[in-house]
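Chemist: Listed here are the chains, written in short residue letters.
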Amino acid sequence: MKQKSKLRMRRTRFIFFMVLPAVVIPMIFTYYPMIKGSMMAFQSYNLMNVKNIKWIGLENFQKLFAHSASNSFYTTMLNTVKWVGLSLLFQFGVGFGIALLLKKKFRGASVYQALIFFPWAVSGFIIGIMWRWMFNGTSGVINDILMKIHLISQPVGWLADKGTALYSCIAANIWYGIPYFTIMITAALRGVSEDLYEAADVDGASPLQKFTNITVPCIRSVLLLTVLLRVIWIFNFPDLIYSMTQGGPAGSSNIVTSYMMQLVQSLDYGLASAVGVLCILFLVTFVIVYMSITKYAQEEA
Amino acid sequence: MKKRRIAAMALAAVMLTGCGGGGGTADTQAPAAGGKDAAATQEAAAGEAITITMVESLTSPERTAVLREIADKYQADHPNVTIEIISPPLENADSKITQMLMNGSGADIVEVRDSTITQYATNGWIADLQQYIDAWDEKDTLTESADEVIHYFQDTAYMMPYGFYQRGLFYRPDWFAEKGLDKPETWQDIYDAGLAITDPSNSRFGYSFRGGTNGYQYADTIYWCWLGTDKIADPTAAYYLKDGNGATIFTLPEIKEALHFYKDLFKNTCPTDSIAWGFSEMVQGFVGGTTAMLIQDPEVIATCSADMGEDQWALVPFPKGPSGQAVFPNGFAGWGLTSFTEHPAEAADFLLFLSNSENNTYFAKNYSTIPIHSNAAEKDSYFSEGRFAIYMDMAAEPDVYRHAAYPQMYEAFATYKTEVDVMYQKYLTDEITDDELLSWLDEFWTKAYEDEGQKW
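In order, the protein sequence lines correspond to chains X and G. Throughout the first sequence, residue numbering follows the numbering used here, covering 1 to 301 in sequence. Throughout the second sequence, residue numbering follows the numbering used here, covering 1 to 456 in sequence.
Since the hints were derived computationally from the structure, they do not count as laboratory data. Just so you know, even glycine gets a beta-carbon here, dropped at the ideal spot from N, CA and C. Check before you lean on any hint, since a few could be wrong.
[To be verified] Facing chain X, from chain G, some residues (calculated, C-beta under 10 Å):
| hint | residue |
| --- | --- |
| 1 | 87 |
| 2 | 88 |
| 3 | 123 |
| 4 | 198 |
| 5 | 201 |
| 6 | 213 |
| 7 | 217 |
| 8 | 268 |
| 9 | 273 |
| 10 | 276 |
| 11 | 281 |
| 12 | 412 |
| 13 | 413 |
| 14 | 423 |
[Unchecked claim] Dumping the calculated DSS-like pairs for lysine-lysine here, alpha-carbon to alpha-carbon at most 30 Å:
| hint | chain 1 | residue 1 | chain 2 | residue 2 |
| --- | --- | --- | --- | --- |
| 15 | G | 96 | X | 54 |
| 16 | X | 162 | G | 365 |
| 17 | X | 162 | G | 256 |
| 18 | G | 96 | G | 267 |
| 19 | G | 417 | G | 267 |
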């Protein structure tokens, strides 16, 4: 009896030590910094003077939502919705389309595939700098092309106009994000059995029927997951905006995360952290809602 | 494990004998190198091997090479000292340095800029250099500007500048000749010439406007050129009025007039997308043949020489305003000693070696800054001849060419820097009025004065 409990103790201890790293490492490297960082949101934490850090309650949040001429947080939030929504819609649509085209075998398919996937391998900042010069109002190649095909009569300052800056960034983001969906959906399509399509052919199904009744249901889980991950990524992707417009002109192309980067540069870590906390809350809520809605749809199907 | 330890001991032994052998030569060469801090030098030469880590901020491969060259020269005289230069990427170098300083380790010497000195000194991250400067045999040739900057923050010697960035006006003599225009001397000349040259259908514009990051600095210089420096509280805090108890310049009629000029200049002589231009776009605009005039630091001289024909560009003094003065910031950067360094004497010795007349002049010439020693022009004719000579000409007329700068010693400045460009962009795109902008500026700095008191 005693022997047995000793053995069990030893085993428990063994399991404990085996599990320990898996618990401790995320604690130290993920959750401790996250909690510590979130605490800054409730502090006056300014690197201009680290000797004067104090608790200030919700003051940072009040500052974010205050109505004043120099506060552009409301525009920033609206921009974020446009940025995520439009980018996702076109990345997904075009990416899906290309994936369907790549499903058919044709000569040079692998070369074409490699070319399509290429932008995915380049850093976001480099893509941003590249597009910044392409959209340049005086010497940019986009103006040049549009003028040569007589769509515009004189150069447009794409990134300098409050009406076009954000949409120019979204255009660049769409270009950058298409390969992601193409890669994921192409892989998923390879897993769909040809037998199903052959059976559908026998039944005389139209291409559209095959698409809605075979293709989509078969890769449904991949589609749902890629969209979810993509929303989080686009939301957390200030690189393009930061390198193309720095959120300008006059804050008209800022999204929440690029705004946070600017706050970090102003050394006001408290305010930046408050934005970060809002981001986490928003994303967690989004994921919960998204999961429950899609699960509901699954049950109905 | 055991093997590695033996190897480490062997390495240490080699290093020790190495510096023992070199110590003798170092002693004899030290005075020739100009270090008067002989005690520290001797101690270091005789002592164990040490590494001095220096972190730079405004990096470029060319500049790092110049620093390395000077460091190698120092190492040759001090075989036990290894100088390690860390060059973080330019874009976030200052935040990297901030992180290292917060950590309290890993750096002995850091690059301190006019925009970072307040933060570093307030937080107690950099040390007072006074005792080392007092014992330095080259302190007497330091220029007046250098002396001012050494004691920039709270009268304590927190840094040794390596040079100054003063702006000059670059223009296209060939385009000016085409239109029969004289060389520009005042802001009005810039505007008139700009109007004559601007031709959007040919992609030609007058002036390289900066509306993006740090664009406010250009608006500020125009304000001061309109106002003159007599009404300003202090050249380092030129948003405040003399004897004004924290009253700002932004309520004066001259400032409003200057602001209107600034907007007209943008609307009528600059490309529309220059509202988003930063440093690289404005330089590219001039060098690439889009704009006829550019106000920039001397480092652009190298770019122009490399990419433009000799007759395509000229450099003239900073433009004057209605006050008869040309007022611009005397931008500076330099080196500071960290407060936690384990080798303060040795690090300070190298810092002063880097700043001695010979090395500083060499550095300034290769990096296009204005040197800190008054005998630089004697040492190298580069500073008295050619394109660089305009800086000497400007220095010769101190009543006309005057310095003023934004109050960077205020903690509020960090927040200001991230908000102000957006406010100017809103004004330039008619989202807010002149009064709204000026009252925002006035309120911001009145509040800063209330919160932090007089800091100049």
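Chemist: Hint by hint, say whether it matches the structure.
Modeler: Each hint tested on the structure:
1. About 18 Å separates the beta-carbon of residue 87 (chain G) from the nearest beta-carbon of chain X, more than 10 Å, and the hint is not met.
2. Taking 10 Å as the C-beta cut-off, the interface hint given for residue 88 (chain G) is violated, the closest approach to chain X being about 15 Å.
3. Using the Cβ-Cβ criterion of 10 Å, the hint placing residue 123 (chain G) at the interface with chain X is satisfied: the shortest such distance is roughly 5 Å.
4. Annotation: interface hint on residue 198 (chain G) violated; nearest CB of chain X at approximately 12 Å, more than 10 Å.
5. For residue 201 (chain G), the interface hint holds, since its Cβ comes within 10 Å of a Cβ in chain X; the closest pair sits about 7 Å apart.
6. With 10 Å as the threshold, the beta carbon of residue 213 (chain G) comes within range of chain X, its nearest partner Cβ sitting at about 6 Å, so the hint holds.
7. Taking 10 Å as the C-beta contact cut-off toward chain X, the hint placing residue 217 (chain G) at the interface is violated, the least distance being around 16 Å.
8. The criterion of a C-beta within 10 Å of any C-beta in chain X is not met by residue 268 (chain G), whose closest approach is roughly 15 Å, and the hint is violated.
9. With a cut of 10 Å, the hint placing residue 273 (chain G) at the interface with chain X holds, because the nearest CB-to-CB distance is about 3 Å.
10. A cut of 10 Å between beta carbons decides the hint on residue 276 (chain G): the least distance to chain X is about 5 Å, and the hint holds.
11. Interface hint status for residue 281 (chain G): upheld, as the beta-carbon distance to the closest one in chain X is roughly 8 Å, under 10 Å.
12. Proximity of residue 412 (chain G) to chain X holds as hinted, the smallest CB-CB distance being about 8 Å (cut-off 10 Å).
13. Interface restraint check: residue 413 (chain G) against chain X, minimum CB-CB distance 8 Å, threshold 10 Å, status holds.
14. A hinted interface residue such as residue 423 (chain G) counts as satisfied when its beta carbon comes closer than 10 Å to some beta carbon of chain X; here the least separation is about 6 Å, so the hint holds.
15. Between the alpha carbons of residue 96 (chain G) and residue 54 (chain X) the distance comes to roughly 24 Å, so the proposed pair stays at or under 30 Å and holds.
16. Between residue 162 (chain X) and residue 365 (chain G) the alpha-carbon distance is near 42 Å, which puts this suggested pair outside the 30 Å criterion.
17. Pair hint residue 162 (chain X) plus residue 256 (chain G) holds up; C-alpha atoms about 25 Å apart against a cutoff of 30 Å.
18. Distance restraint check for residue 96 (chain G) and residue 267 (chain G): the Cα-Cα separation of roughly 38 Å exceeds the 30 Å cut-off, and the hinted pair is therefore not satisfied.
19. Restraint check for residue 417 (chain G) and residue 267 (chain G): satisfied, since their Cα atoms lie roughly 24 Å apart, inside the 30 Å limit.
Against the hints set out earlier in the document, violations occur for numbers 1, 2, 4, 7, 8, 16 and 18.
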